[in-house]
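Visitor: Numbering (numbering that gives the first Met the number 0), first residue to last: 0 to 325.
Simulated from the structure, these hints should not be mistaken for lab results.
Each hint should be verified, as a subset may be incorrect.
[Claimed, not checked] What follows is a list of derived Cβ distance ranges for each label pair:
(1) Gly314 - Gly62: 38 to 44 angstroms
(2) Arg32 - Lys323: 28 to 34 angstroms
(3) Ser86 - Asp107: 16 to 22 angstroms
(4) Ala261 - Pro33: 19 to 25 angstroms
(5) Asp243 - Ser86: 43 to 49 angstroms
[What the hints assert, rightly or not] Below, in silico cross-link-like pairs of lysine-lysine (BS3-like), each with a Cα-Cα straight-line distance of 25 angstroms or less:
(6) Lys323 - Lys312
(7) Lys323 - Lys154
(8) Lys154 - Lys220
(9) Lys318 - Lys108
(10) Lys269 - Lys284
(11) Lys284 - Lys108
(12) Lys315 - Lys174
(13) Lys174 - Lys318
(14) Lys318 - Lys304
(15) Lys284 - Lys174
(16) Lys304 - Lys315
(17) Lys108 - Lys315
(18) Lys315 - Lys284
(19) Lys108 - Lys149
(20) Lys269 - Lys304
(21) Lys108 - Lys312
(22) Lys174 - Lys220
(23) Lys323 - Lys108
(24) Lys174 - Lys323
(25) Lys312 - Lys282
(26) Lys282 - Lys269
The model shown is predicted, which means the values in this text are computed figures rather than measured ones.
No residue lacks a Cβ here, since even glycine has one placed at the ideal position from N, Cα and C.
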Amino acid sequence: MKLARRRFLHLAAAAAALSAASRFAVAQTYPSRPVRIVVGFAAGAAPDITALLMAQWLSERLGLQFVIDNRPGAGTNIATEVVVRASPDGYTLLWVTAPNAINATLYDKLNFNFIRDIVPVAPVLRLPNVMVVNPSVRAQTVPEFIAYTKANPGKINMASSTIGGTDHLSGELFKVMAGIDLVDVPYRGGGAALFADLFSGQVQVSFPAVASVIGHISANKLRALAVTTTTRSDAMPDIPTVSDFLPGYEASSWHGVGLPRATSAAIVDKLNREINAGLADAKMKGRLAELGGTVLPGSPTDFSKLIADETDKWGKVVKFVGLKPD
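All chains should be modelled from the sequences, with the hints used to inform the complete structure.
Guide: This is the structure in C-alpha coordinates:
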(Lines of atoms letter the chains of each structure in order from A; the text may use other names.)
(Lines give C-alpha, C1' and ligand atoms only; values in the text may rest on other atoms or scores of the structure.)
Protein backbone atom coordinates (compact mmCIF):
# COMPACT_ATOMS: atom_id res chain seq x y z
CA MET A 0 0.00 0.00 0.00
CA LYS A 1 2.81 2.37 0.89
CA LEU A 2 4.57 1.67 -2.42
CA ALA A 3 1.35 2.17 -4.37
CA ARG A 4 0.65 5.44 -2.58
CA ARG A 5 4.22 6.64 -3.13
CA ARG A 6 3.97 5.78 -6.82
CA PHE A 7 0.68 7.68 -7.08
CA LEU A 8 2.21 10.76 -5.47
CA HIS A 9 5.21 10.59 -7.81
CA LEU A 10 2.89 10.34 -10.82
CA ALA A 11 0.75 13.24 -9.57
CA ALA A 12 3.82 15.41 -9.03
CA ALA A 13 5.15 14.50 -12.47
CA ALA A 14 1.80 15.36 -14.08
CA ALA A 15 1.71 18.72 -12.30
CA ALA A 16 5.25 19.49 -13.39
CA LEU A 17 4.42 18.51 -16.97
CA SER A 18 1.32 20.72 -16.93
CA ALA A 19 3.32 23.67 -15.58
CA ALA A 20 6.03 23.11 -18.19
CA SER A 21 3.40 22.93 -20.91
CA ARG A 22 1.84 26.22 -19.79
CA PHE A 23 5.27 27.83 -19.68
CA ALA A 24 6.02 26.59 -23.19
CA VAL A 25 2.73 27.98 -24.49
CA ALA A 26 3.41 31.35 -22.90
CA GLN A 27 6.95 31.44 -24.29
CA THR A 28 5.93 30.71 -27.88
CA TYR A 29 2.74 32.81 -28.00
CA PRO A 30 2.13 34.57 -30.29
CA SER A 31 3.80 32.94 -33.27
CA ARG A 32 1.54 34.52 -35.91
CA PRO A 33 -0.65 37.64 -36.23
CA VAL A 34 -3.55 38.03 -33.79
CA ARG A 35 -6.88 39.64 -34.58
CA ILE A 36 -8.98 41.72 -32.22
CA VAL A 37 -12.65 41.56 -33.20
CA VAL A 38 -14.48 44.87 -32.55
CA GLY A 39 -18.27 45.09 -32.70
CA PHE A 40 -18.25 48.67 -33.98
CA ALA A 41 -17.41 50.41 -37.24
CA ALA A 42 -14.01 51.94 -37.89
CA GLY A 43 -13.71 55.35 -36.24
CA ALA A 44 -16.07 54.63 -33.35
CA ALA A 45 -14.68 55.07 -29.83
CA PRO A 46 -14.24 51.30 -29.21
CA ASP A 47 -12.41 50.97 -32.53
CA ILE A 48 -10.04 53.82 -31.61
CA THR A 49 -9.23 52.41 -28.18
CA ALA A 50 -8.84 48.87 -29.54
CA LEU A 51 -6.41 50.20 -32.16
CA LEU A 52 -4.30 51.86 -29.46
CA MET A 53 -4.08 48.58 -27.54
CA ALA A 54 -3.39 46.63 -30.74
CA GLN A 55 -0.43 48.91 -31.48
CA TRP A 56 0.90 48.45 -27.96
CA LEU A 57 0.62 44.66 -28.05
CA SER A 58 2.18 44.52 -31.51
CA GLU A 59 5.21 46.45 -30.27
CA ARG A 60 5.51 44.45 -27.05
CA LEU A 61 5.05 40.98 -28.50
CA GLY A 62 6.68 41.46 -31.90
CA LEU A 63 3.77 40.31 -34.06
CA GLN A 64 0.84 42.20 -35.52
CA PHE A 65 -2.40 42.54 -33.57
CA VAL A 66 -4.90 43.61 -36.22
CA ILE A 67 -8.40 45.03 -35.86
CA ASP A 68 -11.32 43.11 -37.41
CA ASN A 69 -14.41 45.36 -37.39
CA ARG A 70 -17.67 43.37 -37.23
CA PRO A 71 -20.40 45.91 -36.44
CA GLY A 72 -24.06 44.97 -36.16
CA ALA A 73 -26.70 43.53 -33.82
CA GLY A 74 -25.46 45.56 -30.87
CA THR A 75 -22.02 43.83 -30.91
CA ASN A 76 -23.58 40.35 -31.00
CA ILE A 77 -22.14 39.58 -34.44
CA ALA A 78 -18.60 40.28 -33.24
CA THR A 79 -19.12 38.32 -30.04
CA GLU A 80 -20.37 35.26 -31.87
CA VAL A 81 -17.34 35.35 -34.19
CA VAL A 82 -15.08 35.04 -31.14
CA VAL A 83 -17.26 32.49 -29.35
CA ARG A 84 -17.00 30.24 -32.45
CA ALA A 85 -13.26 30.81 -32.91
CA SER A 86 -10.57 28.33 -31.95
CA PRO A 87 -9.46 28.86 -28.32
CA ASP A 88 -5.83 29.28 -29.33
CA GLY A 89 -5.35 32.94 -28.40
CA TYR A 90 -5.36 34.25 -31.96
CA THR A 91 -8.88 35.70 -31.92
CA LEU A 92 -9.59 38.28 -29.20
CA LEU A 93 -12.82 40.13 -28.47
CA TRP A 94 -12.85 43.83 -27.67
CA VAL A 95 -15.39 43.59 -24.85
CA THR A 96 -17.64 46.60 -24.23
CA ALA A 97 -20.58 47.53 -22.03
CA PRO A 98 -23.18 46.35 -24.60
CA ASN A 99 -21.96 42.80 -24.00
CA ALA A 100 -23.33 43.08 -20.46
CA ILE A 101 -26.49 44.91 -21.57
CA ASN A 102 -27.34 42.41 -24.31
CA ALA A 103 -27.56 39.50 -21.88
CA THR A 104 -30.95 40.89 -20.80
CA LEU A 105 -31.93 43.00 -23.82
CA TYR A 106 -31.98 40.05 -26.23
CA ASP A 107 -34.30 37.14 -25.44
CA LYS A 108 -32.41 34.69 -27.63
CA LEU A 109 -28.68 34.73 -28.29
CA ASN A 110 -26.57 31.99 -29.84
CA PHE A 111 -24.17 32.19 -26.92
CA ASN A 112 -23.98 32.88 -23.22
CA PHE A 113 -21.47 35.70 -22.83
CA ILE A 114 -20.39 34.97 -19.26
CA ARG A 115 -20.03 31.26 -20.01
CA ASP A 116 -18.46 31.46 -23.46
CA ILE A 117 -16.00 34.37 -23.16
CA VAL A 118 -13.00 34.30 -20.82
CA PRO A 119 -12.25 37.73 -19.30
CA VAL A 120 -8.62 38.69 -19.87
CA ALA A 121 -8.31 42.27 -18.65
CA PRO A 122 -10.29 45.47 -18.23
CA VAL A 123 -8.79 48.40 -20.14
CA LEU A 124 -10.61 51.66 -19.49
CA ARG A 125 -13.80 53.37 -18.44
CA LEU A 126 -15.31 56.14 -20.56
CA PRO A 127 -17.93 58.61 -19.35
CA ASN A 128 -20.84 59.66 -21.45
CA VAL A 129 -21.88 63.30 -21.28
CA MET A 130 -25.33 64.80 -21.11
CA VAL A 131 -25.54 67.44 -23.84
CA VAL A 132 -28.37 69.70 -25.00
CA ASN A 133 -28.97 71.92 -27.98
CA PRO A 134 -28.08 75.51 -27.01
CA SER A 135 -31.72 76.54 -27.57
CA VAL A 136 -32.76 74.52 -24.52
CA ARG A 137 -33.39 76.89 -21.64
CA ALA A 138 -31.38 74.96 -19.09
CA GLN A 139 -27.84 75.58 -17.89
CA THR A 140 -27.79 72.85 -15.22
CA VAL A 141 -29.24 69.39 -14.62
CA PRO A 142 -31.87 70.67 -12.11
CA GLU A 143 -32.91 73.35 -14.61
CA PHE A 144 -33.22 70.71 -17.34
CA ILE A 145 -35.39 68.51 -15.13
CA ALA A 146 -37.65 71.48 -14.36
CA TYR A 147 -37.73 72.46 -18.06
CA THR A 148 -38.73 68.93 -19.07
CA LYS A 149 -41.50 68.73 -16.48
CA ALA A 150 -42.83 72.06 -17.78
CA ASN A 151 -42.83 70.69 -21.35
CA PRO A 152 -44.11 67.11 -21.07
CA GLY A 153 -43.81 65.03 -24.24
CA LYS A 154 -41.94 67.77 -26.09
CA ILE A 155 -38.30 66.94 -25.32
CA ASN A 156 -36.66 64.40 -27.65
CA MET A 157 -33.70 62.26 -26.56
CA ALA A 158 -31.37 61.03 -29.31
CA SER A 159 -29.42 57.79 -29.00
CA SER A 160 -27.31 55.70 -31.33
CA THR A 161 -29.41 52.56 -30.92
CA ILE A 162 -31.85 50.94 -28.52
CA GLY A 163 -29.82 49.39 -25.71
CA GLY A 164 -26.65 51.35 -26.41
CA THR A 165 -24.78 52.90 -23.49
CA ASP A 166 -25.94 56.37 -24.53
CA HIS A 167 -29.53 55.16 -24.63
CA LEU A 168 -29.40 53.42 -21.25
CA SER A 169 -27.61 56.41 -19.71
CA GLY A 170 -30.65 58.44 -20.72
CA GLU A 171 -33.13 55.80 -19.57
CA LEU A 172 -31.50 55.63 -16.14
CA PHE A 173 -31.61 59.44 -15.98
CA LYS A 174 -35.33 59.45 -16.83
CA VAL A 175 -36.11 56.92 -14.12
CA MET A 176 -34.09 58.65 -11.40
CA ALA A 177 -35.22 62.17 -12.33
CA GLY A 178 -38.87 61.15 -12.68
CA ILE A 179 -39.25 62.72 -16.12
CA ASP A 180 -40.43 61.70 -19.56
CA LEU A 181 -38.26 62.07 -22.66
CA VAL A 182 -39.25 60.91 -26.15
CA ASP A 183 -36.74 58.31 -27.36
CA VAL A 184 -35.40 58.88 -30.87
CA PRO A 185 -32.96 56.08 -31.83
CA TYR A 186 -30.60 56.58 -34.76
CA ARG A 187 -29.31 53.28 -36.07
CA GLY A 188 -25.54 53.50 -35.61
CA GLY A 189 -25.68 57.14 -34.46
CA GLY A 190 -23.13 59.24 -36.29
CA ALA A 191 -23.75 62.18 -38.59
CA ALA A 192 -27.55 62.03 -38.69
CA LEU A 193 -27.85 62.08 -34.90
CA PHE A 194 -25.53 65.07 -34.50
CA ALA A 195 -27.13 66.94 -37.42
CA ASP A 196 -30.50 66.74 -35.67
CA LEU A 197 -28.95 67.71 -32.34
CA PHE A 198 -27.32 70.76 -33.93
CA SER A 199 -30.57 71.79 -35.63
CA GLY A 200 -32.71 71.27 -32.54
CA GLN A 201 -34.85 68.46 -34.02
CA VAL A 202 -33.79 66.53 -30.91
CA GLN A 203 -32.85 68.38 -27.76
CA VAL A 204 -30.80 66.08 -25.53
CA SER A 205 -28.43 63.14 -25.82
CA PHE A 206 -25.91 61.15 -23.74
CA PRO A 207 -23.05 60.38 -26.18
CA ALA A 208 -19.51 59.28 -25.35
CA VAL A 209 -17.20 62.15 -24.42
CA ALA A 210 -14.76 61.25 -27.20
CA SER A 211 -17.41 61.68 -29.89
CA VAL A 212 -18.74 65.05 -28.70
CA ILE A 213 -15.98 67.00 -26.97
CA GLY A 214 -15.13 68.93 -30.14
CA HIS A 215 -18.76 69.97 -30.61
CA ILE A 216 -18.90 71.20 -27.02
CA SER A 217 -15.72 73.24 -27.50
CA ALA A 218 -17.23 74.76 -30.66
CA ASN A 219 -20.39 75.71 -28.70
CA LYS A 220 -22.56 73.61 -30.99
CA LEU A 221 -23.80 71.74 -27.93
CA ARG A 222 -23.97 72.54 -24.23
CA ALA A 223 -22.64 69.99 -21.73
CA LEU A 224 -24.66 69.73 -18.53
CA ALA A 225 -22.97 66.78 -16.78
CA VAL A 226 -20.88 63.65 -17.22
CA THR A 227 -22.38 60.28 -16.33
CA THR A 228 -19.56 58.85 -14.20
CA THR A 229 -19.38 59.47 -10.46
CA THR A 230 -16.20 61.53 -10.86
CA ARG A 231 -15.50 64.38 -13.25
CA SER A 232 -13.75 63.74 -16.53
CA ASP A 233 -10.15 64.90 -16.84
CA ALA A 234 -11.01 65.88 -20.40
CA MET A 235 -13.74 68.27 -19.13
CA PRO A 236 -12.92 69.04 -15.49
CA ASP A 237 -15.33 71.98 -15.27
CA ILE A 238 -18.38 69.84 -16.07
CA PRO A 239 -20.18 68.39 -13.01
CA THR A 240 -21.44 64.84 -12.70
CA VAL A 241 -25.08 63.78 -12.92
CA SER A 242 -24.65 62.21 -9.47
CA ASP A 243 -23.99 65.69 -8.04
CA PHE A 244 -27.71 66.26 -8.56
CA LEU A 245 -29.08 62.68 -8.63
CA PRO A 246 -27.15 60.79 -5.92
CA GLY A 247 -26.41 57.20 -6.90
CA TYR A 248 -26.55 57.82 -10.63
CA GLU A 249 -23.70 56.19 -12.59
CA ALA A 250 -23.50 55.14 -16.21
CA SER A 251 -20.45 54.66 -18.36
CA SER A 252 -18.89 52.80 -21.22
CA TRP A 253 -16.03 50.44 -20.50
CA HIS A 254 -13.72 48.36 -22.65
CA GLY A 255 -11.64 45.26 -22.10
CA VAL A 256 -10.34 42.10 -23.72
CA GLY A 257 -11.84 38.62 -23.82
CA LEU A 258 -11.00 35.24 -25.37
CA PRO A 259 -12.99 32.14 -26.32
CA ARG A 260 -13.81 29.68 -23.57
CA ALA A 261 -11.12 27.01 -22.99
CA THR A 262 -8.24 29.27 -24.03
CA SER A 263 -5.05 28.34 -22.16
CA ALA A 264 -4.61 30.09 -18.81
CA ALA A 265 -1.00 30.77 -19.83
CA ILE A 266 -2.19 32.88 -22.78
CA VAL A 267 -4.76 34.69 -20.64
CA ASP A 268 -2.10 35.51 -18.05
CA LYS A 269 0.44 36.65 -20.64
CA LEU A 270 -2.03 38.99 -22.34
CA ASN A 271 -3.18 40.31 -18.98
CA ARG A 272 0.40 41.20 -18.02
CA GLU A 273 1.07 42.95 -21.33
CA ILE A 274 -2.21 44.88 -21.27
CA ASN A 275 -1.57 46.06 -17.72
CA ALA A 276 1.93 47.12 -18.73
CA GLY A 277 0.32 49.26 -21.42
CA LEU A 278 -2.08 50.82 -18.95
CA ALA A 279 0.88 51.75 -16.74
CA ASP A 280 2.73 53.39 -19.63
CA ALA A 281 2.59 57.19 -19.42
CA LYS A 282 2.21 57.67 -23.17
CA MET A 283 -0.63 55.16 -23.43
CA LYS A 284 -2.40 56.62 -20.40
CA GLY A 285 -2.12 60.06 -21.94
CA ARG A 286 -3.63 58.98 -25.24
CA LEU A 287 -6.54 57.27 -23.50
CA ALA A 288 -7.05 60.35 -21.30
CA GLU A 289 -7.36 62.47 -24.44
CA LEU A 290 -10.40 60.36 -25.30
CA GLY A 291 -11.86 61.07 -21.87
CA GLY A 292 -11.01 57.61 -20.56
CA THR A 293 -9.70 56.42 -17.22
CA VAL A 294 -7.52 53.30 -17.28
CA LEU A 295 -8.78 50.20 -15.46
CA PRO A 296 -5.80 47.98 -14.66
CA GLY A 297 -6.80 44.65 -13.18
CA SER A 298 -6.76 40.87 -13.20
CA PRO A 299 -9.05 38.50 -15.12
CA THR A 300 -10.97 38.10 -11.86
CA ASP A 301 -11.40 41.87 -11.56
CA PHE A 302 -12.76 42.02 -15.10
CA SER A 303 -15.08 39.07 -14.46
CA LYS A 304 -16.57 40.90 -11.47
CA LEU A 305 -17.02 44.11 -13.48
CA ILE A 306 -18.88 42.21 -16.21
CA ALA A 307 -21.09 40.41 -13.68
CA ASP A 308 -21.90 43.63 -11.80
CA GLU A 309 -22.72 45.53 -15.00
CA THR A 310 -24.84 42.65 -16.33
CA ASP A 311 -26.90 42.71 -13.15
CA LYS A 312 -27.19 46.52 -13.03
CA TRP A 313 -28.28 47.05 -16.63
CA GLY A 314 -30.47 43.96 -16.57
CA LYS A 315 -32.60 45.65 -13.93
CA VAL A 316 -32.86 48.85 -15.99
CA VAL A 317 -33.76 46.96 -19.18
CA LYS A 318 -36.48 45.00 -17.39
CA PHE A 319 -37.87 48.04 -15.56
CA VAL A 320 -38.15 50.10 -18.73
CA GLY A 321 -39.30 47.14 -20.80
CA LEU A 322 -36.77 47.64 -23.60
CA LYS A 323 -36.70 45.49 -26.71
CA PRO A 324 -33.97 45.56 -29.39
CA ASP A 325 -34.73 47.47 -32.58
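Visitor: Take a look at whether the Cβ-Cβ distance between Arg32 and Lys323 falls inside 28 to 34 angstroms.
Guide: 42 angstroms, violated
Visitor: Would you check the hint for Lys174 and Lys323, treating anything up to 25 angstroms between C-alpha atoms as holding?
Guide: It holds: about 17 angstroms lies between the C-alpha atoms, which stays within 25 angstroms.
Visitor: Starting from Lys284, check that the Cα of Lys108 is at most 25 angstroms away, please.
Guide: Not satisfied, since the Cα-Cα distance of roughly 38 angstroms exceeds 25 angstroms.
Visitor: Between the alpha carbons of Lys312 and Lys282, is the straight-line distance 25 angstroms or under?
Guide: 33 angstroms, violated
Visitor: Can you confirm whether the C-alpha distance between Lys174 and Lys318 stays at or below 25 angstroms?
Guide: Distance of about 15 angstroms is within 25 angstroms: holds.
Visitor: Range first: 19 to 25 angstroms. Now tell me if the beta carbons of Ala261 and Pro33 are that far apart.
Guide: 21 angstroms, holds
Visitor: Do the alpha carbons of Lys282 and Lys269 lie within 25 angstroms of each other, as the hint requires?
Guide: Holds - the C-alpha atoms of Lys269 and Lys282 are around 21 angstroms apart, at most 25 angstroms.
Visitor: So if I understand the rule, the pair passes when the alpha-carbon distance is 25 angstroms or less; does Lys269 with Lys284 pass?
Guide: 20 angstroms, holds
Visitor: Quick one: are Gly314 and Gly62 within 38 to 44 angstroms, going by C-beta?
Guide: 41 angstroms, holds
Visitor: Hint check: Lys318 vs Lys108, CA-CA at most 25 angstroms. Holds or violated?
Guide: The given pair, whose Cα atoms are some 15 angstroms apart, holds under the 25 angstroms limit.
Visitor: Hint check: Lys108 vs Lys149, CA-CA at most 25 angstroms. Holds or violated?
Guide: Not satisfied, since the Cα-Cα distance of roughly 37 angstroms exceeds 25 angstroms.
Visitor: Would you say the C-beta atoms of Ser86 and Asp107 sit inside 16 to 22 angstroms of each other?
Guide: 29 angstroms, violated
Consistency note: the structure conflicts with the earlier hints numbered 2, 3, 11, 15, 18, 19 and 25.
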